[in-house]
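> What follows is each chain in one-letter form.
There are 2 protein chains.
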Amino acid sequence: MLVYDLTNRGKKSKYEYLYQCLKEDILSGKLAEGEKMPSKRRLSEANGISIRTVMNAYEQLLMEGYLESRERSGYYVVSDFDSPLRYQKVEIKEASPEQDENWMVDFTANTTVYEKFPFSMWTKVMRQVLGDYNLHLMKRGEFLGSPELRYEIAKYLYHNRGMVVSPDCIVIGTGIEYLYSKLIGLLPANAVYAVENPGYRKIRLIYEDLGVKWTWTSMSKDGIHMGSLRKSGATVVHTSPEHHYPLGTVMTARRRQELLKWLEESADHYIIEDDYDCEFRYSGHAIPALYGLDASQRVIYMNTFSKTLSPGIRISYMVLPPKLLEQYVNSANFFSNTSSNLEQHTLAAFLRDGYFDRHLNRMRRYYLSQGEKLKNAIQMTPTIPAEEILGMETGTHILVKLKTKLSDKEIKLRARMKGINLCCLSEFCIGEKELYWHVLVLNYSGLEESHMLEVAGVLGEIFV
Amino acid sequence: MLVYDLTNRGKKSKYEYLYQCLKEDILSGKLAEGEKMPSKRRLSEANGISIRTVMNAYEQLLMEGYLESRERSGYYVVSDFDSPLRYQKVEIKEASPEQDENWMVDFTANTTVYEKFPFSMWTKVMRQVLGDYNLHLMKRGEFLGSPELRYEIAKYLYHNRGMVVSPDCIVIGTGIEYLYSKLIGLLPANAVYAVENPGYRKIRLIYEDLGVKWTWTSMSKDGIHMGSLRKSGATVVHTSPEHHYPLGTVMTARRRQELLKWLEESADHYIIEDDYDCEFRYSGHAIPALYGLDASQRVIYMNTFSKTLSPGIRISYMVLPPKLLEQYVNSANFFSNTSSNLEQHTLAAFLRDGYFDRHLNRMRRYYLSQGEKLKNAIQMTPTIPAEEILGMETGTHILVKLKTKLSDKEIKLRARMKGINLCCLSEFCIGEKELYWHVLVLNYSGLEESHMLEVAGVLGEIFV
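Protein chains in written order, with the numbering used here: chain A, 1 to 464; chain B, 1 to 464.
Treat the hints as calculated values from the structure; they're not laboratory data. Hints are supplied without guarantee of correctness; some may be wrong.
Each pair may be met inside one copy or between any two copies, as identical chains are not told apart.
Pairs of lysine-lysine residues, derived as PhoX-like cross-links and limited to a Cα-Cα distance of at most 25 Å, are as follows [stated by the list, open to error]: (1) K202 to K139; (2) K12 to K409; (3) K221 to K231; (4) K405 to K213; (5) K36 to K116; (6) K139 to K116; (7) K182 to K231; (8) K116 to K405; (9) K412 to K36; (10) K11 to K155; (11) K231 to K40; (12) K14 to K231; (13) K433 to K14; (14) K14 to K323; (15) K40 to K30; (16) K418 to K12.
All values reported here derive from a predicted model rather than from experimental measurement.
Using the sequences and the hints, build the whole thing.
If you want it as structure tokens, here you go:
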């Protein structure tokens, strides 16, 4: 018999408490599917409550579908589920199921090797922050982000990117997408956004998601093709002058000047300088950011720690020119900053105490060596018809120019059949693909060193 | 003489390193404004480098404005700033400067008393999570949020809100604003959003920020006024049936049925059920959420931990009906979840191990006692012309109906002169204010217990 301790019911009414107990027993499987419930009278006697109380509870369970009433027989448990909760597993039909495949090697994963993250250092710093800031971490975070973190980022930008920016102009956000959604609200409503073509595909997706008008501009070997930009009718251009993705192009000083000239041609022109990956440069030296060269206050600088540290740390930032900053502060300051106080403070201390620099140096060495190993492995594999290997100077991928009659589609398909997920450069293009045919984009950040030759061997099998 | 240890320069060229050292010394003030720089020859000799190297560094500093060249004399330091970095403080003209005022008492701060946060428990759990999950915390977070957390929230909703939802349908986000921006992309593009009037002002601001069309619906004592909703032409309505803010109304069962009927009238109709503050109910019992009563899959449930735990913890969630969830997963799954892995896991364990329930019980007792003390203090202060005190059952504010000839504007102004920041109910209204004149909305969550009588005394001075 079902006996419940009704003295435990707190402020609940007897009916409510009984109802909840029964429901839990059904959900937990204690009362199994099809089981006959005790009669109202028996349950009322066993628990020292009125029949009316039991009836109310049964009625409620009936209404909610946990019981069913069978004529002239009584109440039965309905519970065709195994889960402790009544909900049913929701099956989502994913539009792009391929993401879940288990690849032997995935060259498309342009991600951080999270295993290389200096976790013990990070948690050491985090413990200090927990001790130092204590309850203050639980206050509403500052709208623009933690001042300590913004100060450290300003210092970092000064030392590493030749940028002299006030911490006041730095806006912390939980990701580039998030910052984009904020930024677009600050730019003219009729703006037309140009992406680089080929270029980082996510930017297009963000524009589409945000419902803004976008177009594209071709690339030349010096960076953005100015004629194409002008013809595109774009008023805002997204660019990575320091390291184009995926081409690896560094925009020349002359092209930067030309781009800044374009900027000055109209008060509606803006440049979004996405400095993603600028930290991973293995030769040559970094060219100062466009942001620092712009007098018109219409360059917005963006960067993220998700690549340099870990995608598990949701901290990105943008540097707004003062006039946009003012607009931002006044338009949206009822919003809260979405970044974790604790992680912001931890990152600030991590930057301040030099851990970040040390980690970057370590990762630079690691990625450089990974790239070289992959390059060597490809060169040592005669079956791969590699004409040229590009992109060793920066980033975490290389470009492999192929001499092959296979179409890019065939290459991908054959690779897939070997368990290899890869991208061709043409996939980063909108139209105009011909120029970029037969070039593999191989991200090596996540490859296992010991497997490079083996992987190259399998890759070679595609072409024989 | 300026001597630098060039062996420290890492991979930098000598010129680059020298340039950086000099720049730092200028920025730090070591090389002061107007100081004459050593000649190129002297600096080259002192540092064992070529004159050409020094010249390059000087040229760069000249170009960037850190040095100036005076004819026939040499180079001089330019640095009219005190800051360690060259940037200048950016002054933002804030549109609403009153936020910064120092109030004797602020009745408008509808915020959590962060001092009551169980910080030591939270950090204890967090340390366990750091140990248990370790490096896994550094992986890219799951798109919808941590499965562990979503499971715990599903359990919580079942036990506390009578909702039977699959964890699959729960979407974690870094705040209600963030979730709104995602949700709006899922609802019909031509949707018209209704806010409750009076109502929570932030919702309007969010709609405006997101650029969607919005309108309002009046309230009756039973909840949303159905005639007004129909007349408004809205297709999506935002409502807090469990606890209207600021009226404190609980929507009657009949009104819920009427609202669900309205929902069924068109496939374009949606309800956003904002369950904010539902946790703080001191009498009566919670009514099951609308989400659970809806068969049409067009109720979206929203809630946040920023009030129940702390505004420093950026975790909110929405429960999507399966068909909207599918749309969400397929439309935007290139985005990363913006919440911190660490905090999501910590919260999951915090819920699982009962700490959250215990904290809520503690806060319920605290807020209830705060509300009662404020009510008593007001009743014991004859100078306050209080006709009725409402809203004791739920939330963290009370409504004080006044019998006064002062206008709401005058009340606010006089209060301000006494150092009291308060809101009148009419401020939560769009048009139709007359109905809601002469009612104070007093948030008591942040009041100091020992000051209640004193505060009430000062409040009374307004009316004499």
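> Work down the list of hints and note, for each, if the structure agrees.
So, going through the hints one by one against the coordinates:
Taking CA atoms no more than 25 Å apart as the test, K202 paired with K139 passes between copies only; the shortest distance there is 19 Å, against 34 Å inside one copy. For the homomeric pair K12 and K409, neither the shortest alpha-carbon distance inside one copy (65 Å) nor that between copies (43 Å) is at most 25 Å. Proximity of K221 to K231 under the C-alpha cut-off of 25 Å is restricted to the intra-copy arrangement: shortest distance 18 Å within a copy versus 60 Å between copies. For the homomeric pair K405 and K213, neither the shortest alpha-carbon distance inside one copy (37 Å) nor that between copies (54 Å) is at most 25 Å.
Taking the shortest alpha-carbon separations for K36 and K116, neither the intra-copy value of 58 Å nor the inter-copy value of 47 Å comes in at or below 25 Å. In this assembly of identical chains, the alpha carbons of K139 and K116 lie at most 25 Å apart only when taken from different copies (11 Å versus 32 Å within one copy). With identical chains, the CA atoms of K182 and K231 are never at most 25 Å apart, being 27 Å at best within one copy and 33 Å at best between copies. Neither within a single protomer nor between protomers do K116 and K405 lie at most 25 Å apart by alpha-carbon distance, with minima of 39 Å and 69 Å respectively.
For the identical chains of this complex, K412 and K36 are neighbours neither inside a copy (59 Å) nor across copies (64 Å), given an alpha-carbon limit of 25 Å. Taking the shortest Cα distances, K11 and K155 sit within 25 Å of each other only across copies (20 Å), while inside one copy they are farther apart (55 Å). For the identical chains of this complex, K231 and K40 are neighbours neither inside a copy (81 Å) nor across copies (48 Å), given an alpha-carbon limit of 25 Å. With identical chains, the CA atoms of K14 and K231 are never at most 25 Å apart, being 75 Å at best within one copy and 43 Å at best between copies.
In the homo-oligomer, the alpha carbons of K433 and K14 never lie at most 25 Å apart, since the shortest distance is 72 Å inside one protomer and 43 Å across protomers. For the identical chains of this complex, K14 and K323 are neighbours neither inside a copy (62 Å) nor across copies (37 Å), given an alpha-carbon limit of 25 Å. Taking identical chains as interchangeable, the C-alpha atoms of K40 and K30 lie at most 25 Å apart only when both belong to the same chain, with a minimum of 19 Å there against 88 Å between chains. Taking the shortest Cα distances, K418 and K12 never come within 25 Å of each other, neither inside one copy (62 Å) nor across copies (43 Å).
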